[in-house]
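A.B. asks: Now for the letters of each chain:
2 protein chains.
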Amino acid sequence: MLVVKIGGSKGINLDNIVKELIHLNEKIVLVHGASDELNELQQKLGIPLETYNLESGFESRKTDEKVLELFEMAYCGKMNKKIVEMLQAKGINAVGLSGIDGRIFEAKRNSAIRIKENEKIKLVKNDLSGRTEKVNAQLIKLLLDNNFVPVLTPPAISFDNKAVNVDGDFSAAVLAVELKADALLLLSNVSGLLENIDNENSLIKKISSKNIDSALDSAKGRMKKKVLAAKNAFEKGVQKVVIGSANIENPIKSALNGQGTVFLNE
Amino acid sequence: MLVVKIGGSKGINLDNIVKELIHLNEKIVLVHGASDELNELQQKLGIPLETYNLESGFESRKTDEKVLELFEMAYCGKMNKKIVEMLQAKGINAVGLSGIDGRIFEAKRNSAIRIKENEKIKLVKNDLSGRTEKVNAQLIKLLLDNNFVPVLTPPAISFDNKAVNVDGDFSAAVLAVELKADALLLLSNVSGLLENIDNENSLIKKISSKNIDSALDSAKGRMKKKVLAAKNAFEKGVQKVVIGSANIENPIKSALNGQGTVFLNE
Chain X
1 MLVVKIGGSK
11 GINLDNIVKE
21 LIHLNEKIVL
31 VHGASDELNE
41 LQQKLGIPLE
51 TYNLESGFES
61 RKTDEKVLEL
71 FEMAYCGKMN
81 KKIVEMLQAK
91 GINAVGLSGI
101 DGRIFEAKRN
111 SAIRIKENEK
121 IKLVKNDLSG
131 RTEKVNAQLI
141 KLLLDNNFVP
151 VLTPPAISFD
161 NKAVNVDGDF
171 SAAVLAVELK
181 ADALLLLSNV
191 SGLLENIDNE
201 NSLIKKISSK
211 NIDSALDSAK
221 GRMKKKVLAA
231 KNAFEKGVQK
241 VVIGSANIEN
251 PIKSALNGQG
261 TVFLNE
Chain B
1 MLVVKIGGSK
11 GINLDNIVKE
21 LIHLNEKIVL
31 VHGASDELNE
41 LQQKLGIPLE
51 TYNLESGFES
61 RKTDEKVLEL
71 FEMAYCGKMN
81 KKIVEMLQAK
91 GINAVGLSGI
101 DGRIFEAKRN
111 SAIRIKENEK
121 IKLVKNDLSG
131 RTEKVNAQLI
141 KLLLDNNFVP
151 VLTPPAISFD
161 NKAVNVDGDF
171 SAAVLAVELK
181 ADALLLLSNV
191 SGLLENIDNE
201 NSLIKKISSK
211 NIDSALDSAK
221 GRMKKKVLAA
231 KNAFEKGVQK
241 VVIGSANIEN
251 PIKSALNGQG
261 TVFLNE
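Protein sequences appear in the order of chains X and B. When we follow our numbering, the leftmost residue of the first sequence carries the number 1, and every step to the right adds one. When we follow our numbering, the leftmost residue of the second sequence carries the number 1, and every step to the right adds one.
In case anyone wonders, no lab produced these hints; they're calculated from the structure. Don't take each hint at face value.
One copy or two, it doesn't matter: identical chains are merged, so the pair holds either way.
Taking lysine to any residue and the SDA-like style, the derived pairs with C-alpha atoms no more than 20 Å apart in a straight line are [unchecked claim]:
1. K240 with N39
2. K141 with D160
3. K44 with L68
4. K134 with N93
5. K206 with K253
6. K82 with N161
7. K240 with D36
8. K90 with D160
9. K225 with P48
10. K19 with D64
11. K66 with M86
12. K66 with E40
13. K134 with A89
14. K108 with N93
15. K210 with E69
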């Protein structure tokens with residue numbers, strides 16, 4: 001069984017994945033993002049895009065109640081239903097769910113975010129963000145056993161029952177571990193982790209267990225989150241973890257065959 | 001087992017229903033609308049609200065691709081996840097789904113809508129609207145058997161695989177028939193069908209099987225659709241059909257006890 005995360009950045013071609021799924025024999029769970037759709041919606045409605053630079057080196061979208069509402073519109077409304085509609089049109093019985101539904105993704109809410117502002121550390125409270133720590137897989141298993149294809153998206157629900165913005169890659173990783181998936185594929189609009197972010201030919205083809213941490217240190221922006229998610233799944237026993245491209249023919253088989261950045265026990 | 005439709009007009013208080021569900025013993029399927037949320041979203045984004053006056057006397061929102069996208073954001077994104085979050089916070093394991101997911105609501109798409117314009121009949125083609133004609137209940141039954149509470153919303157998927165704007169009341173009625181529900185309750189911000197739309201004291205307490213059609217003729221706007229939905233469920237064997245208020249304490253038990261407009265075999 002495979003867990004495939006489709007990125008939500010600009011320029012990701014969904015057609016390739018949809019086309020491939022028609023002929024795929026493995027059981028599959030899709031997880032997707034919609035960050036670009038959310039950016040666009042915020043801009044159209046005049047809600048400023050604000051990002052926290054966390055002390056840990058990661059970036060996080062400022063998510064108050066207004067942004068969370070738009071988050072749900074972009075992720076659960078527009079993108080989730082678009083993918084489900086595309087799959088249904090190909091005869092694939094897809095079911096779209098958020099992490100709130102059936103508490104599929106349960107998250108620890110960020111009680112206080114440590115951010116870096118002008119080289120000073122500042123505490124931000126009450127942000128509606130968190131990190132998926134638990135997956136309740138009963139509903140997913142029920143769907144898979146009955147030949148439905150689950151299509152999942154953030155937000156998650158926090159342990160104190162708030163819808164919260166969580167990273168989709170990390171949620172997919174926790175899911176892959178919980179489901180004991182054979183593979184976790186993180187597909188987006190780049191070919192994998194690049195040595196030099198501006199050079200598509202600088203693809204790092206392998207990351208061995210020994211140098212995951214240095215890879216994590218050197219990765220930037222969105223890719224840093226993908227490496228963190230991959231590390232989590234890989235270290236918790238998912239045999240095949242690949243960061244690859246969604247924008248090629250047969251993106252799933254290509255990633256399974258090692259196209260992209262592959263995590264290896266060496 | 002009960003099918004309860006919560007209206008999507010302005011001023012509907014969700015708290016009453018959520019509070020009541022904590023103590024309700026019956027199995028329940030919720031269906032909801034979000035027309036007010038969609039109106040607001042269209043206005044904010046500068047997409048004009050346009051309504052077709054159908055030859056049949058009903059009104060229908062003009063739904064092109066852009067409006068359908070916003071429809072999914074308002075219904076599946078904002079409102080559906082809001083209700084699921086509220087229920088989860090009360091310990092009710094809700095699962096939010098649209099009619100596209102698992103093809104729960106299958107609709108005949110309006111190939112051509114006959115509208116009245118200046119007393120002339122005109123044909124409108126390619127609108128993304130339709131009417132739910134079939135319910136695929138397997139997924140709903142699976143959820144109910146496993147103690148999840150399904151929370152459903154339009155759009156539906158058409159027989160030719162397009163997401164389409166369908167009436168939520170009518171979809172709930174087709175669902176109640178398919179599930180052989182004990183009752184269909186259509187709850188909104190009015191107390192039931194009113195003799196005089198401007199007088200809350202003119203509630204019609206009963207509609208007998210003989211005078212459904214005259215009730216349907218005299219009803220206006222949103223209420224006309226509710227009466228049509230109620231008629232459909234009632235004539236196809238749902239024993240208890242009530243159009244009632246969501247804005248009272250214990251709205252579900254009140255409707256079951258006959259508060260509102262009750263359909264009766266007389």
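A.B. asks: Of all the hints given earlier, name the ones this structure violates by number, lowest first.
C.D. replies: 1, 2, 7, 9, 10, 15
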